[in-house]
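*Asks:* Next come the chains, spelled out residue by residue.
There are 2 protein chains.
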Amino acid sequence: MEAYDELIQRFKETRLLESIGGLVGWDERTYMPPRGSAHRAEQMALLAKLCHQKLTDRRIGELLIKLEQSPLVKDDESVQAVNIREIRRVYDRAVKLPESLVEELARVTTRAQNVWQEARKDNDFAAFAPWLEKVVHLKRQEAQAIGFKESPYDALLDEYEPGATASEITKVFAELRKDLVPLVQEVTSAKKKPRKDILSRDYALDRQHLFGQSAAAAIGFDFTSGRLDTTVHPFCSGIGPGDCRLTTRFHPREFNQGFFGILHEAGHGIYDQGLDADHFGTPMGSAVSLGIHESQSRLWENQVGRGRPFWEHFFPRLKQSFPGTMDDVSLDDWLFAINNVERSFIRVEADEANYNMHIIVRFELEQALIRGDLNPRDVPGAWNEKFRQSFELTPPSDAQGCLQDIHWSMGGLGYFPTYTLGNLYAAQLMEQARKDLGNLDDDFRRGDFAGLKTWLNDNVHRRGQKYRPRELCRRITGRPLSHGPLLKYLRQKYAELYEIR
Amino acid sequence: MEAYDELIQRFKETRLLESIGGLVGWDERTYMPPRGSAHRAEQMALLAKLCHQKLTDRRIGELLIKLEQSPLVKDDESVQAVNIREIRRVYDRAVKLPESLVEELARVTTRAQNVWQEARKDNDFAAFAPWLEKVVHLKRQEAQAIGFKESPYDALLDEYEPGATASEITKVFAELRKDLVPLVQEVTSAKKKPRKDILSRDYALDRQHLFGQSAAAAIGFDFTSGRLDTTVHPFCSGIGPGDCRLTTRFHPREFNQGFFGILHEAGHGIYDQGLDADHFGTPMGSAVSLGIHESQSRLWENQVGRGRPFWEHFFPRLKQSFPGTMDDVSLDDWLFAINNVERSFIRVEADEANYNMHIIVRFELEQALIRGDLNPRDVPGAWNEKFRQSFELTPPSDAQGCLQDIHWSMGGLGYFPTYTLGNLYAAQLMEQARKDLGNLDDDFRRGDFAGLKTWLNDNVHRRGQKYRPRELCRRITGRPLSHGPLLKYLRQKYAELYEIR
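Read top to bottom, the protein sequences are chains A and B.
Per my numbering, the very first residue in the first sequence carries number 516; after that it's consecutive.
Per my numbering, the very first residue in the second sequence carries number 516; after that it's consecutive.
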């Protein structure tokens, strides 16, 4: 038991140090002055180096070997066994990475995010290209250092979605696309169209902030243990127990961006706040994977937040919050507008059906980047080409094309597919929650989201990393992950709204 | 030269890590959610431990010994000699402190700041008392570990003001008090009184923010490398090159607090921004002492910001910023009001004369705490007693008495006297700047503060720690520090305003 305690104490310290990096990273994207970037890169590089040093300490390896032969691992679902198993996973990955690479990645991606932010604003891919080259170069080195069976991409993907592979995801995505394409086709050729102009009116920023914040609180995000700020590319950062940070961006004449951004990040935040604080810093107090994390954000944003029962509660409050703006708008108008299906350029503004097509574009491009089949400098052309194939549209600018997302600048290659995995998990989990909890919609109509939140706390959040993503899904829903529930949910929603079939 | 480079590289890393602690501490006092305090304390403790480990690495000691016998230290004003000398100072202090004490101090003071903040709000000294006990207990241990010739207080003071001692400061303060008391007496019994009500009108917060920010920018604070936020107890935090954070607090019906708070912190910020970025993380790129730091803030806040020429430029702008609020106010009214001399309870709102009496109260109390002559639980009584002696007033509450300042909660015992040292240095430096630069007042009237800022950059900021505080003062002004210039300045100012003598 002494060896176990030492292992946990050592591992917790690496996570505590990481949580400092989390806060420093949050600041970088919210409040850091423009000229602070170079110094920030040095801070991030130092933190990454120190984390890596702590994590790869030979003593952790010795303790793991000792504990893996101990009775502690007999019951493989015990807290100890889970922690030992998952610390092994993280340790094995870390020791394969040279310290210099870890440090350089932190330094380069901090600078690259800053350059990306300016490049996106100025629609200047050329300014970003050398930094994308640096990042891709380092990530390819990382993939080689980690090693892989089938594809170097798998080595990167595994960090975000343990056990997932590109070939498996390719299959799931292909099935999804096969059913999605005709559905989108059908919906977009329907005669009935929403009044989408109602989403582009004067929505005063401070009122957007207040209304969004109150909705996030209503679904269960605890603002005594968290906050909401604005940023260029929204994210949620769980710093540690009692401290979780949501971010969003507002547009004074667009409702969706700010509001659904908040609901989305609040879904992530509710997961982080639902982790077992007593296990903070250990696998049993950590999220399973990015795919499961995304399932929580998409579940609240879409399955709940774009549904009729949710707005039966919130629509009168919305009208009060923006007096005069909505006088000519009915609940039906509103629901139809926020569920408008339309091909467009920006992923985070895409409807629930087209969203996944945006992911597939990125998934294919980043595999090519990591394989070395696509030169980072050729990304704009390749992006536009792929985009045309999927959407029959050409992005009017790189800012609305390959520069729209922060991920590659922060080294997040292998990250995008977890968004669509999240959509799939969200639909399958929600289907199960509705079975387990009876009439959830009545709760929502009353503004009561506690039942669903508690169900997610019990089934997902408080289990930590007890199960890997696919196993967790099977445990909760009794079935392996499939695209069935998402398709069924979308079909039903659009059939009602668009009066098709 | 190799040994020197290694020393610098190692020392810089400790400072880089410290700068992360600076940012984390800034966040703690600006944006951290209420329940984040316990986790934050763990983060701060870990950072303090890691810093201490890096700084006390035996290798630094070996390198210092080697370098102290090398030709590098021959010219004792060379960059290398200064860096070696000052790293030795910091190293010798650090190795005397046990790691457990360093860690515990960081943990306890983080929590204590949070408790203090609530206790001050609730006027509840009893809630804070156990934390003050813990802090004082740890600081007494620190003083013993460091060692001292005359008084344990000296061991703490030395961290903030290298080379200063309680007995020397006691002497300076006694002389100052001897001349200040009759001056205050004379001023407060003058017939002429300012219309101080004009400072307590409706000053809209957003306009205060904008006006204060524009004044900070005008005197030379660079907002592309910094920012301004609100907090409970204002401070300035220089994170590193390109990143310096000012904070203030605003009251919707008080002008002074927000505005002079900003000018004050901007003075600190201009010092931090004026340090040589190429020497960041080494003594040659670091501030001399808290006393000298405070001289910069007090110089801009008082010597410049409460003077007639400054307001000849800013008063018309002030009237524009708060339309309608100032219609009945003349420049003379305004100048007199912002220089009102009156005994009051709050240090940071005190006039330039009484301010130093506030410091003397704290200086005497904290010496008693560190000697063990005053039990932390008895602070309220002792405070009120001392306060009555100096001000002939009894604080109406602990919130307006011993709970008003953050310093003791953050372990800053030995910190307060540097404020009055700062006032003395500010007056002596300003006297010299006026000699060197000719008619500064004409510059100020035109809103031009660049001449003074450049003079401070050259004479103070960019010299880093080349000279210790007293020597720096002698080099710049040709004389040792005395209370003469401050007294002369105050006498002249009040003679004009109050029409005395």
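Derived by calculation from the structure, the hints in this document are not laboratory data.
Some clues are possibly wrong.
Identical copies go unnamed one by one, so any copy, or any two together, can satisfy a pair.
Here are the simulated lysine-lysine pairs, DSS-like style, with alpha carbons at most 27 Å apart [claimed, not checked]:
no.	residue 1	residue 2
1	K686	K569
2	K1003	K611
3	K636	K527
4	K527	K564
5	K569	K527
6	K649	K711
7	K636	K708
8	K950	K711
9	K708	K950
10	K649	K527
11	K569	K611
12	K707	K636
*Asks:* Please work out whether the CA atoms of K707 and K636 approach to 27 Å or closer within one copy, between two copies, in both situations, or in neither?
*Replies:* Cα proximity of K707 and K636: none, with 36 Å in one copy and 58 Å across.
*Asks:* With identical chains, the pair K1003 and K611 could be close in the same copy or across copies; at 27 Å between alpha carbons, which is it: within, between, both, or neither?
*Replies:* The answer is neither: 43 Å in one copy and 69 Å across copies each exceed 27 Å.
*Asks:* Within a copy, between copies, both or neither: which one fits K569 and K527 at a CA-CA cutoff of 27 Å?
*Replies:* both (10 Å within a copy, 20 Å between copies)
*Asks:* Can you give me the call for K649 and K527, within, between, both or neither, at a CA distance of at most 27 Å?
*Replies:* between (32 Å within a copy, 26 Å between copies)
*Asks:* Quick one: K649 to K711, C-alpha cut-off 27 Å, is that within a copy, between copies, both, or neither?
*Replies:* neither (41 Å within a copy, 61 Å between copies)
*Asks:* Is it within, between, both, or neither for K569 and K611, if the alpha carbons may be no more than 27 Å apart?
*Replies:* both (14 Å within a copy, 25 Å between copies)
*Asks:* With identical chains treated as interchangeable, where does the CA-CA distance between K686 and K569 reach 27 Å or less: within a copy, between copies, both, or neither?
*Replies:* This pair counts as neither: shortest intra-copy Cα distance 38 Å, inter-copy 50 Å.
*Asks:* Using 27 Å as the alpha carbon limit, work out where K950 and K711 are close: within a copy, between copies, both or neither.
*Replies:* neither (33 Å within a copy, 69 Å between copies)
*Asks:* Have a look at K527 and K564 and pick one of within, between, both or neither, based on CA distance no larger than 27 Å.
*Replies:* Classified as both: same-chain Cα gap 16 Å, cross-chain 15 Å, threshold 27 Å.
*Asks:* Have a look at K636 and K708 and pick one of within, between, both or neither, based on CA distance no larger than 27 Å.
*Replies:* neither (32 Å within a copy, 55 Å between copies)
*Asks:* Using 27 Å as the alpha-carbon threshold, which applies to K636 and K527: within, between, both, or neither?
*Replies:* neither (39 Å within a copy, 34 Å between copies)
*Asks:* Regarding K708 and K950, is the shortest C-alpha distance of 27 Å or less found within a copy, between copies, in both, or in neither?
*Replies:* For K708 and K950, the Cα distance exceeds 27 Å both inside one copy (32 Å) and across copies (77 Å).
This entry does not satisfy hints 1, 2, 3, 6, 7, 8, 9 and 12, going by the numbered hints stated previously.
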